[in-house]
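K.L.:
Numbered per the working numbering, the sequence shown finishes at 155, counting up by one with no gaps.
Check each hint, because a few of them may be wrong.
Straight-line alpha carbon distances no greater than 20 Å define the calculated EDC-like cross-link-like pairs of lysine to aspartate or glutamate that follow [claimed, not checked]:
id, residue 1, residue 2
1, K36, E114
2, K36, E99
3, K36, E116
4, K36, E47
Simulated from the structure, these hints should not be mistaken for laboratory data.
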Amino acid sequence: AFSIPLVTHDGEPFPGRNLVLFLTFTTVIATLVIQGLTLPVLVRVLKLPGRDPQKETLIEAQAQSEASVAAEARLDELLADPHNSLPPPLADRLRSVLDRRRNAVWERLGTADPVTGESADDTYRRLSREMIEAEREVFVRLRDERRIDDEMMRTLLRRLDLEEAAAYRETDDS
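Could you build all of it, start to finish, from the sequences and the hints given here?
P.N.:
Structure representation (structure tokens):
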């Protein structure tokens, strides 16, 4: 509305400019302020149900369990194929990733630790982040002492960053 010119080509005041500005201002105020103030009241009056995080987490846990079973069955199929030669420790690592994913959601349903207020999954992630930070500090110190070069430090830090990003992604998903 403020882009409406003050005067026309002829130098005359633009017709109805003040009315357009007034109507624009009124519309903005009505949509933002009035609706913003009345929406919470309307939600209470209509008694709309809120989200049930416990129920949502239960549904998520069931879905994750089902997906993990399918993924493990697929892994078994792939490992049965002679073209896929994977050492048993690496296959076990893949299975443990599935177990961790499956268990993490179920743990969020459990009760929080009475001392910390954290679930086991939250504590695991927090401790994991602190361990990664300790490793990061050592890599920087080793570089400062010239025991490793910059390129090696960047490679090591990149691996830590990927691990940390995966942990944050799981946290954001929960």
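K.L.:
What hint numbers does the structure not satisfy?
P.N.:
Structure breaks hints 1, 3.
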